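> One letter stands for each residue in the lines below.
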Amino acid sequence: MSTAVGRPVNRVDGRCKVTGAARYTAEIVLPGLVHAAVVGADIPSGRVTAIGEERTRAADGVLSVLTHENLSRIATQPPLLPSLLGTAAPGETFFPMQDDVVHYAGQPVAIVIADSHERAQYAASLLDVTYERTDSTTTIDEGRAAAYEAETLFGRLLPARNERGDVVTALARAPVRVDVAHHYAANHHNALEPSATTAVWYGEHLTLYDSTMGIRASQLTVASLLGVPISHVRVITEFVGGGFGGKALTWPHVTLAAMAARHVRRPVRLSLTRPQTYTSNGHREEQEQWVSLGATKDGLLTAVRHEKLSVTSPFDDWAEPATGVTTQLYACENYLGFHRLIRGNTMTPTFTRCPGESLGVSTLEVAMDKLAYATGVDPVELRLRNHASVDDRGNAWSSDGLEECLRTGARRFGWAQRDPEPRSRREGDWLIGSGMSVAAYPVAFFMPVQQARVRIYSDGSAVMQSGTQEFGTGSTTVMTQVAADGLGMDIRDVTFESGDTDLPNASASVGSMGASMVSAAVHNAAVELRRQLVAMAVADTGSPLHGADPSAVVVHGSRMSLDDTAGAGESYAELMRRNHLTMTEALGSWTPPPMDTPHGLLTFGAHFVEVAVDPELGLVRVRRMVGVFAPGRVLNPKLARSQLMGGMLWGMSQALLEGNQMDPRLGRWGARNLGEYLVPVNADVPDVTVEFVDVTDTVVNPLGVKGVGEVGQVATAAAVMNAVFHATGRRIEKLPMTPELVMDPPDTPA
Amino acid sequence: MSMRVNGDLHEIGLEPRVSLLDALRDHLGLTGSKKGCDQGTCGACTVWVQGRPVLACLTLAVACEDREITTIEGIAPADGLHPVQRAFIEHDAFQCGYCTSGQIMSAVALLRDGGAETDDEIAEYMSGNICRCAAYPNIRAAIREVRDADLETSGRA
Amino acid sequence: MRPLGYTRVSTVDTAVAAVGADATSTFLAGGTTEVDLIRLGVSRPDVLVDINSLPLKEIAYTNDGGLRIGALARMSDVARSPEVTYNFPALSQSLLLGASEQLRNMASMGGNLCQRTRCAYFRDAVSPCNKREPGTGCSALDGLNRGHAVLGTSEQCIATHPSDAGVAMVAFDAIVHTVGPSGARSIPIDDFYLLPGASPDVEHPLEHGELIVGIEVPPAPSARRSLYLKFRDRQSYEFALVSVAAAIEVREGRVADVRLALGGVGTKPWRARRAEVALTGGPATPQAFANAAAHELEPASPRRYNAFKVPMAQRAMVRALTRAMNGGA
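Chains as they are written, first to last, in the working numbering: chain C, 1 to 750; chain W, 751 to 907; chain L, 908 to 1236.
These aren't lab readings, by the way, just hints derived from the structure by calculation. As the structure is a computational prediction, the values presented were derived from the model and not from experiment. For glycine and all other residues, C-beta sits at the position ideal for the given N, C-alpha and C.
Coverage of chain C stretches by chain W, computed from C-beta distances (three or more under 8 Å per stretch; other residues unrestricted):
1. 642–648
2. 668–675
3. 685–694
With the hints as extra help, turn the sequences into a complete structure.
In structure tokens:
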């Protein structure tokens, strides 16, 4: 009986965002607030041998200088686990300024605290740090010989190797074989709001204002590192200026802000500068991937081999898992997937939007495009032929929809009119090409019990609360919708509050699970409170509903009535006032299905892309993008479309613009600002078509929500790569596909 | 020094090194203008000086004495919304909201000055405002809507 | 940012006197380069002399049909002024393809000509860099040099000059007018930009306290059909990988006059004189364009990551000449 869910409701926080009234973390003002500036190491490896503080201490407004020599020691370093687990979740298992060792460039070596941001930054620039440099490894090329196979990924959550059948023999015997070897540059999140933390101590109690995708992770991580009770740490985040994974885990600067505030006994704001964001909250690691496919002449897969090599930090075995979809998207008896790592002088890589699958499935989907050409089977038909009906454990999909996504997308795009011949269409200086790919993203049940609390007041207004956070996904809006429907209320009478660890527990909003897990708890809380109020009404001799069968009572616009007698009924407010109830509340929770729940769990979609390529100059322009997705129930199509479009455009950007490169001599990232690390601007972006395929999912959660945060970006890059091949006849094997890679070599025939 | 911001005259003591952006955010409490890069590469700090969109991060506050500053807080009456603000909400032209103030300051200037006749013109003019959530198509749609409504009311459509 | 003194002046003479008298001071115009570099710790003045109140904003025709542009005219005003769009379209286009609308509203024309390289090693304030700290070495030679120059380089510096407008200006033989402690003078723009040679820290033949007051663009018959093409990774708000300002006058199939300049590939805005000489008087054919372009790039010194700029620049020149011959962009 949905009235708000499924409607394209405008963002409930829209007004404060368009008026500038929304306050982000670095805009929180506290009495006596002072400012901390981090000094990062200039070298990637070695030791701090001396720190000259005189000029810094003499600068205007300086209150204190913290280094490894005077910073307090951490209590307990928690292990690295994804914040979705609801545990402490440090971005890396290394905490800086505990000794003089430097493991990566940008590692904090000092903190300067002053009475203004400008003064702190300047005083920090005066610090005279002397280093002893040792040899470093920061690139795949430097570390290739020392690569090792990872046993597990994600803090032992996932096996790094997955195998079935005999892939070696199957590849050797395959009538058709294709191979892909790709190099992918590192990516940085570049949320427009640099991470910031404001810390204030009230006696033994700490409040942190933190720009984070997981307030609970910040709370638990900081409590562990500082050795204070969890109950003494409160984390608040009202608005977050984008996350994209860079704010999914709790990085050292958060705890450093708390330490600085304790040291100077004043509230401290620590805002990372834009350059510091490249060495403070992780990145998507530089990586190479190989996919080999064996197939019959009809294109049926007989073997799939998928290997990844990437750079991790000195302390953690981190790789975004590349093979989680490859192992199950297409039916194939012989499969091998594994990950190899190189220990390098970088910080620990981390989740970056569409972790793992954006590039993992891209590698697979370029291989599938090659297979389509090798077999003469249409690329869409090839996917349909191979799409598995069950997952790699033999479980049926909780919901599917891939076939409809492919067929709808092909129709919307006009795929049938495509001449598959490469380099066959020219418009002036431009070659035109089109490409497609399949998207699929896992639905993961890593999270603990999710909770929400709802209150109705005697004036008929309601507030739903859950300790989740809003960083642009639209959670505040969709949770208001879910709460309103669950309560049987008008959306205008319901407020959703989040962003405070004093609220009921929710996990970090990562892995496309934010909307699904929190909506489940919100829904359950709302339905529980409605049940309680209906039960009260039917038991209340003063109620028009007295004696009614509670299951026959419906609620619309806060009014309880019997569905067959429109006249008899009353509102929640009338019931509560008569019973002298100022406020009544209910707690709702949702326990996720077990991780080994016997269903295939993927969210499916399909991409179709048209590009224009200037082959002389190597320019690629994306002209059209069509994405069709089956994300289960769509809570708000307007906001879901925006999320999916954002993901698709991130994929486009990953294909064409985004990449960072280490200068191995200096061991530093080449790009450390938005003029050098290129993200798309308005002129780069075409209009985007996003469509939904309706699938009902009764497994994943009560509302059947599968999530839209990542799937838009899965293998989008592959669709662009395949389109560039179709346009030019040349396969580009590196991302981003910059002009020097795309431009025709000399003497290429037109 | 004195600064006129959104029509109000402010007397503030500032070091010459303080940027207009920090002056607005940290000294006047006008935090609608955002700090995304502090390097002139993102556009989140776009404000108007003498009616023209500029980057507040590369402008020294002290150089704005006697100049008229307009920020996102000043483009609509306190209880109302500018048509561009309304269109941004309607077209979901933002997600996290961090670039939004700057986008709107550019968009309002574009519509005021003309030059939004084609999507290409809009895209080029708006390319100094990075939106990492990539709401660009929706931003263009919002600007188109206000442009077309203006044309209708002015009888030129 | 370092502590700064600040003073605002209202005449050219007081501006020149103020900066000329204090070696730690510098002019502040639009601030788009200077404020950025001070914050980065690359530029280290103690005092800023704000010249924005000086009466140097005119954009007007000269008596002979050329242009006179005040040093403080803003990029966006120059780009859209009818005098420029009609008679010198390449200049207008070069301005509109530079930076963003906000930056174009801030940046002055004089400042644009003086803008500093975007070389990341120069800007990071810590890497060895002969331009920033003479004698420390050049990190870009064997570093990440995709954006760096292939023409006009030296073993001391391969930093690219980032200006777009400067490229159009060198194509049009603009003249830079200055006033300094030693008086007023006029400098041909090609001489205004110095090659890095052994002293990449010296970019212009200006003495301390010498202020650009205006830029004069002489009339040129081919200028009205000139164009500026800019190629880059992004479609906007990015410096050029390669850009070309071109104007060509063809009579009876032969090149009567040609002006060609390159951006993104040189340590200064690069007048393609070798190509111009090769083309002048010869046939206006695609093959002749390609030969001339190849000739221009013969002295190029490509490095590991920027070698692509050599063929890219050649192809861009051919395209620009072809379009200019066919009547503009």
